[in-house]
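Assemble chain H onto chain P, guided by the hints.
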Amino acid sequence: MSPFSIFPFPMFDVELGSIPAHGNRAHFEASCLRLLRASTFTISQLLELRVWMANLYLGFTCGNADSAFNSAKASGQPFPTDRSYIGTLDKTPNSFTINPSALRVESQGLHLERGQQTGPVSISRDHTENWGESDMADASPRTDISTDAETDEKNLRFDSEKLNAAVAASDSSDRSKSNLDQKILRRLAQNREAARKSRLRKKAYVQQLESSRLKLTQLEQELQRARQQGIFISSSGDQSHSLGGNGAMTFDVEYGRWLEEHNRQINELRMAVNSHAGDAELRIIVDGVMAHYDEIFRLKSNVAKADVFHLLSGMWKTPAERCFLWLGGFRSSELLKLLVNQLEPLTEQQLVGVSNLQQSSQQAEDALSQGMEALQQSLSETLSTGSLGSSGSTGNVANYMGQMAMAMGKLGTLEGFICQADNLRQQTLQQMHRILTTRQSARALLAIHDYFSRLRALSSLWLARPR
Amino acid sequence: MDRVRELASKKAAVIFTKSSCCMCYSIKTLFYELGASPAIHELDQDPYGRDMERALRALGCDPSVPAVFIGGRFVGSSKDVISLHVDGSLKQMLKDAKAICMKKENPVPFPLSSSTCDHSPFTGSLAHVMALPKTAAAGAMHEV
Numbered sequence: 002m003s004p005f006s007i008f009p010f011p012m013f014d015v016e017l018g019s020i021p022a023h024g025n026r027a028h029f030e031a032s033c034l035r036l037l038r039a040s041t042f043t044i045s046q047l048l049e050l051r052v053w054m055a056n057l058y059l060g061f062t063c064g065n066a067d068s069a070f071n072s073a074k075a076s077g078q079p080f081p082t083d084r085s086y087i088g089t090l091d092k093t094p095n096s097f098t099i100n101p102s103a104l105r106v107e108s109q110g111l112h113l114e115r116g117q118q119t120g121p122v123s124i125s126r127d128h129t130e131n132w133g134e135s136d137m138a139d140a141s142p143r144t145d146i147s148t149d150a151e152t153d154e155k156n157l158r159f160d161s162e163k164l165n166a167a168v169a170a171s172d173s174s175d176r177s178k179s180n181l182d183q184k185i186l187r188r189l190a191q192n193r194e195a196a197r198k199s200r201l202r203k204k205a206y207v208q209q210l211e212s213s214r215l216k217l218t219q220l221e222q223e224l225q226r227a228r229q230q231g232i233f234i235s236s237s238g239d240q241s242h243s244l245g246g247n248g249a250m251t252f253d254v255e256y257g258r259w260l261e262e263h264n265r266q267i268n269e270l271r272m273a274v275n276s277h278a279g280d281a282e283l284r285i286i287v288d289g290v291m292a293h294y295d296e297i298f299r300l301k302s303n304v305a306k307a308d309v310f311h312l313l314s315g316m317w318k319t320p321a322e323r324c325f326l327w328l329g330g331f332r333s334s335e336l337l338k339l340l341v342n343q344l345e346p347l348t349e350q351q352l353v354g355v356s357n358l359q360q361s362s363q364q365a366e367d368a369l370s371q372g373m374e375a376l377q378q379s380l381s382e383t384l385s386t387g388s389l390g391s392s393g394s395t396g397n398v399a400n401y402m403g404q405m406a407m408a409m410g411k412l413g414t415l416e417g418f419i420c421q422a423d424n425l426r427q428q429t430l431q432q433m434h435r436i437l438t439t440r441q442s443a444r445a446l447l448a449i450h451d452y453f454s455r456l457r458a459l460s461s462l463w464l465a466r467p468r
Numbered sequence: 002m003d004r005v006r007e008l009a010s011k012k013a014a015v016i017f018t019k020s021s022c023c024m025c026y027s028i029k030t031l032f033y034e035l036g037a038s039p040a041i042h043e044l045d046q047d048p049y050g051r052d053m054e055r056a057l058r059a060l061g062c063d064p065s066v067p068a069v070f071i072g073g074r075f076v077g078s079s080k081d082v083i084s085l086h087v088d089g090s091l092k093q094m095l096k097d098a099k100a101i102c103m104k105k106e107n108p109v110p111f112p113l114s115s116s117t118c119d120h121s122p123f124t125g126s127l128a129h130v131m132a133l134p135k136t137a138a139a140g141a142m143h144e145v
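Residue numbers (my numbering), protein chains in the order written: chain P, 2 to 468; chain H, 2 to 145.
Source of the hints: derived by calculation from the structure; they are not laboratory data.
Computed cross-link-like contacts, SDA-like style, restricted to lysine to any residue with a CA-CA straight-line distance of at most 25 angstroms: (1) H:Lys80 with P:Ser314; (2) H:Lys80 with P:His293; (3) H:Lys80 with P:Gly354; (4) H:Lys80 with P:Gln360; (5) P:Lys338 with P:Ser370.
Going by beta-carbon spacing under 10 angstroms, a handful of chain P positions derived as facing chain H: (6) Ser333; (7) Ser361; (8) Gln364; (9) Ala368; (10) Leu369; (11) Ser370; (12) Gln371; (13) Gly372; (14) Met373; (15) Met407; (16) Gly410; (17) Lys411; (18) Thr414; (19) Cys420; (20) Gln428; (21) Gln431.
Remember, predicted model here, so these are calculated numbers, not experimental data.
Just so it is clear, CB atoms sit at the ideal spot from N, CA and C, and this is done for glycine as well.
With the rest of the complex left out, here is chain H:
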């Protein structure tokens, strides 16, 4: 649990996943589309993975992955993320946590933009999952 909290507070957006989980892949894709670059922690690659999974379940996350934290706070699993995304709350939360940039001019495809936002280098965790031709994730992001 501590490790979960610790990792979750290290970045504005943190997602706990498993390398084999395709739903995790979907959620990650969604975050990239929104322009965020969440920290990805794969439980099956982590020595404390099993404990962390138990901790996530204790938080009420079912299934245990993907588990999303924004601004250090537990947001939920895929169902919650989608619901929040549809009513616009997800984007707002990401903005509040400074996980996505607010720049309006010339939106450039992530991760080439330079800004004060909390970008981190592309972790390359996608490579773990599979080698899929990645569509332009960030695309044209229109801020409202």
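Same shape as in the complex, but just chain P:
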């Protein structure tokens, strides 16, 4: 059967068709060489081609067994035998050894090229020399590839020259051994060189990895320390206990993003106010800020369902803000107190409205606070009854379970309190917005933002203070 039927590059079949399949082997080789030089191959294609051509040679010639091939075969490498033109491999022609440098087809190479697509790596190995490092070179393939590619290109060019020379040689004499040996030795030396280079590269890579690892552990320690001090850190991916999209970590990240956007809007508002912009323009920006406040309350209500204690803890706020924490957020009455002075001049009606608002929010806050106290009292009573009971062990367990169930129910109401506290904050802001004019609202929002950003700055200063 024609070996060309299994030529690996069908697109060249047309050209190959012009090469006579029978007849003069030299003629055939010359034609193949012309084809090679005339066409453009990728490196992996060239490697495949070499293998294919080695097999072709085997098909054409038959001759003496070669020590190299035998040793390779003896190492147990599987050799693909599904191609009939390889069938004559038992008696390996000398031409097979002419071309190891040309075609690099110890059986190992053959096998690997069939089996792997990362051609360059397999090439630098030569099992006739027992380099222990072949495994090492394997371990960091990526760093090997570039230089191996170069080496390979060199080798390939070398190969086609040698192919030529081999053709000429086989034409003139009958494979003089000295020629072969020189070529073999040269190729072996090149392989050694390539292996050495890849060893050095691997060493460099490993060192780089080690230093990166050290740096990583250092950073993690810093982060841990900073987190203990309560700096707000929006991080991701280093803890796995966030539930779905609503866990504590997710909320921290979302809050960070919300704050950034809020700061941006406030800057826009400040510029508008300072540049004495018109009411219409101010209203647009103010409405945007108010809508953005609605957004944080929505986010908080989401996380309240998933992790109410995270909100209550205030760990998502900076330390100084946490100092003023009330039911997971700020106290609206406090906010109004600090605003009243800054909002002058206010009309009589506005003064009354603001003062009423202050009082209402104070009353609501008191009511909610008392409800929370009641909850705490009730919870502690639930957990403390019957702990010294003298009923039997089963009775104790039943009591315990019952207590726990009741306590669980009470804890569930915490979410309701946080939600109502947020509701109070949101309503207070909106009522304030209704009482004031657009310009006054703008100034109020700026004042609120400045107050909190000063608190946050205070937190940073405090954490960075020399001790």
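Below, chain H without anything else, positioned relative to chain P:
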């Protein structure tokens, strides 16, 4: 439902609660702070409690308690009450229903004031919830 309506119309301010509900406690506190003395009905102490709870849910009250009625009309749950309170509507509604007194002079701590308002004796339902030292609920009430 009928029972709910019936009870709700008996007084100017009526709150349906449960003895274990702390949010109910908050709302009650708020009403006392405003000077009202709402009628408190605890669903878990009422034989028809479960039906009443269902009726309240049907009205759209979620959670079912606390459920507030002023002047016989359903006002809402805690969320609605707080919202109305912040914008001043709650106080106005209570005044309109005569649930709180309009007197300006010498505001005295509830329930010692005598007036034509719809005061009823302190129901003592607070005692059900817990024994907390009660802060002066009415405090100084300034009418506007």
